[in-house]
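A.B. asks: What follows is the residue order along each chain.
Protein chains: 4
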Amino acid sequence: MGETVRFGVSMDRELLDLFDSIISSKGYSSRSEAIRDLIRGMIVEERWKTREGEMMGVLIVVYDHTQRELCSRLTREQHHHGDLILCTLHFHIDEMNCMETTVFRGRAEEIKKAADELSSLRGIKYSKFIFATTGKDLP
Amino acid sequence: MGETVRFGVSMDRELLDLFDSIISSKGYSSRSEAIRDLIRGMIVEERWKTREGEMMGVLIVVYDHTQRELCSRLTREQHHHGDLILCTLHFHIDEMNCMETTVFRGRAEEIKKAADELSSLRGIKYSKFIFATTGKDLP
Amino acid sequence: MGETVRFGVSMDRELLDLFDSIISSKGYSSRSEAIRDLIRGMIVEERWKTREGEMMGVLIVVYDHTQRELCSRLTREQHHHGDLILCTLHFHIDEMNCMETTVFRGRAEEIKKAADELSSLRGIKYSKFIFATTGKDLP
Amino acid sequence: MGETVRFGVSMDRELLDLFDSIISSKGYSSRSEAIRDLIRGMIVEERWKTREGEMMGVLIVVYDHTQRELCSRLTREQHHHGDLILCTLHFHIDEMNCMETTVFRGRAEEIKKAADELSSLRGIKYSKFIFATTGKDLP
Numbered sequence: 001m002g003e004t005v006r007f008g009v010s011m012d013r014e015l016l017d018l019f020d021s022i023i024s025s026k027g028y029s030s031r032s033e034a035i036r037d038l039i040r041g042m043i044v045e046e047r048w049k050t051r052e053g054e055m056m057g058v059l060i061v062v063y064d065h066t067q068r069e070l071c072s073r074l075t076r077e078q079h080h081h082g083d084l085i086l087c088t089l090h091f092h093i094d095e096m097n098c099m100e101t102t103v104f105r106g107r108a109e110e111i112k113k114a115a116d117e118l119s120s121l122r123g124i125k126y127s128k129f130i131f132a133t134t135g136k137d138l139p
Numbered sequence: 001m002g003e004t005v006r007f008g009v010s011m012d013r014e015l016l017d018l019f020d021s022i023i024s025s026k027g028y029s030s031r032s033e034a035i036r037d038l039i040r041g042m043i044v045e046e047r048w049k050t051r052e053g054e055m056m057g058v059l060i061v062v063y064d065h066t067q068r069e070l071c072s073r074l075t076r077e078q079h080h081h082g083d084l085i086l087c088t089l090h091f092h093i094d095e096m097n098c099m100e101t102t103v104f105r106g107r108a109e110e111i112k113k114a115a116d117e118l119s120s121l122r123g124i125k126y127s128k129f130i131f132a133t134t135g136k137d138l139p
Numbered sequence: 001m002g003e004t005v006r007f008g009v010s011m012d013r014e015l016l017d018l019f020d021s022i023i024s025s026k027g028y029s030s031r032s033e034a035i036r037d038l039i040r041g042m043i044v045e046e047r048w049k050t051r052e053g054e055m056m057g058v059l060i061v062v063y064d065h066t067q068r069e070l071c072s073r074l075t076r077e078q079h080h081h082g083d084l085i086l087c088t089l090h091f092h093i094d095e096m097n098c099m100e101t102t103v104f105r106g107r108a109e110e111i112k113k114a115a116d117e118l119s120s121l122r123g124i125k126y127s128k129f130i131f132a133t134t135g136k137d138l139p
Numbered sequence: 001m002g003e004t005v006r007f008g009v010s011m012d013r014e015l016l017d018l019f020d021s022i023i024s025s026k027g028y029s030s031r032s033e034a035i036r037d038l039i040r041g042m043i044v045e046e047r048w049k050t051r052e053g054e055m056m057g058v059l060i061v062v063y064d065h066t067q068r069e070l071c072s073r074l075t076r077e078q079h080h081h082g083d084l085i086l087c088t089l090h091f092h093i094d095e096m097n098c099m100e101t102t103v104f105r106g107r108a109e110e111i112k113k114a115a116d117e118l119s120s121l122r123g124i125k126y127s128k129f130i131f132a133t134t135g136k137d138l139p
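Chains as they are written, first to last, in the numbering used here: chain A, 1 to 139; chain B, 1 to 139; chain C, 1 to 139; chain D, 1 to 139.
Derived by calculation from the structure, the hints in this document are not laboratory data.
Incorrect hints may have been included.
Since the list gives no way to pick out one identical chain from another, each pair is judged satisfied if it fits inside one copy or across any two copies.
Quick list of in silico lysine-lysine cross-link-like pairs, DSS-like style, CA-CA up to 30 Å [what the hints assert, rightly or not]:
{"id": "1", "residue 1": "Lys125", "residue 2": "Lys136"}
{"id": "2", "residue 1": "Lys125", "residue 2": "Lys112"}
{"id": "3", "residue 1": "Lys49", "residue 2": "Lys26"}
{"id": "4", "residue 1": "Lys112", "residue 2": "Lys49"}
{"id": "5", "residue 1": "Lys26", "residue 2": "Lys113"}
{"id": "6", "residue 1": "Lys136", "residue 2": "Lys26"}
Because the structure is a prediction, the values reported are computed rather than measured.
With the rest of the complex left out, here is chain A (with noise of 0.2 Å):
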């Protein structure tokens, strides 16, 4: 292991209170811990974005399927980006609310791309995105 440095952080109490409250119920020693581990967990996601070979990804939505043209644009969209999408798994909440996990297996670049793209359509009220490996490089 290298060299340990050591630099400041500044933020409202407020957060740095409800911070350290889930930091100490998940049982971590310190903050230094807990956001070493959070960069990791960054630095893994920011691999898989720019990560040569196939990817898989999952991108979930929650919506109101009677907002007018929701539906029709997401299927239109989703279609638009047919060669990068497997399937999409539509659940019936209730008389509005949708939730759909569409699936993803293409080049990192371009699912992130698409995935963003039917994500930031307006009147969705909840979208995340997920990169899964397909397994083929993993032991």
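Using the hints, position chains B, C and D against chain A.
C.D. replies: This is chains B, C and D only, laid out in the frame that chain A set:
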């Protein structure tokens, strides 16, 4: 085995020729045998429609999502029958064409009614509904 | 409209009685009419099996996942036909029973062969395969 | 806005260099700003884990189905949590590798517990769990 009865069937020669060539390729030894199998299949389907207890069902529809409002109307109808529908899996076949499989769970009569409503939406190119068992009553 | 021909069909009276009661409830005016419809359905199915070009297909299976190895064997067979299979949607009906819908895309003959192999695995309680169009050749 | 506090964080220089290069490419103007965002993301995730009311969740796992019994064990565990799981969508990546997305609906605490059990099965190459809202409490 009970009494065997015989009755006459009339049809267009062209239809009969097609039937004959299919049943010959399938290895049936007589038209009667093939027709009995078709009738048995019909009876099984019919029994499921009036069956008590919980059933599964799958509706397959193929449609052009660029058709005005079809995607939105399907989604609206599916949400309306949300208590019977587990989820809908959407495949983006090409820029225009979609295939959806919608999975139902519930009373046979209600499932069939909901599936009929969905598949009768104008603009659907192809639809097929299939009952399936929950497996609970089968050894 | 060509020449109309007439031929005789023989069956067990019990089977004929069931058939009569179903076609009466369906509103058919004659046995010939109902049998013609059954034959037309059979012709459509048969044509799909030998059809050129790309097809979609859906295999529904119901099985008891606690049956020794059935889940693993199904998964192994599905991966073996990975170039034809888009995905498999698995429903957990109860502690033991599952329903899976597996969606195929490819040449009719190859799809049918793969679906037949999957559905013939010992221990499956129910299986049904359905062809569907990609919609490309339909107005 | 309340009082701003400042505290020190220590880490390996290599980790800090990676962090700096990522936040620079993302356009952050300071480490503090990037760390605050990471902490806010952590808080949102944490809040969902302890949230009252109905939640949705998606578990993504990648595994080698030829690994002894892994497929059967996953299926068994999924059926065991059948009241929380809507369905599992299985993709056949290649002869060996699979990706599954399992969709949960229920109380956050129970969903998280079930997802943790599933993702801790030995032999899984990658797993990621994501909470999602039902959309009911969002405008």
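A.B. asks: Work down the list of hints and note, for each, if the structure agrees.
C.D. replies: Outcome of the hint check:
Within a single copy, lysine 125 and lysine 136 get their C-alpha atoms only as close as 34 Å, which misses the 30 Å cut-off; across copies the closest is 10 Å, which meets it. Both within a single protomer and between protomers do lysine 125 and lysine 112 lie at most 30 Å apart by alpha-carbon distance, with minima of 19 Å and 22 Å respectively. Taking identical chains as interchangeable, the C-alpha atoms of lysine 49 and lysine 26 lie at most 30 Å apart whether they share a chain (28 Å) or sit on different chains (12 Å). For a Cα distance limit of 30 Å, the shortest separation of lysine 112 from lysine 49 qualifies both inside one copy, at 7 Å, and across copies, at 27 Å.
For the homomeric pair lysine 26 and lysine 113, the shortest alpha-carbon distance between copies (15 Å) is at most 30 Å, but the shortest distance inside one copy (34 Å) is not. Taking CA atoms no more than 30 Å apart as the test, lysine 136 paired with lysine 26 passes between copies only; the shortest distance there is 29 Å, against 33 Å inside one copy.
In the structure shown, no violation is registered for any of the earlier numbered hints.
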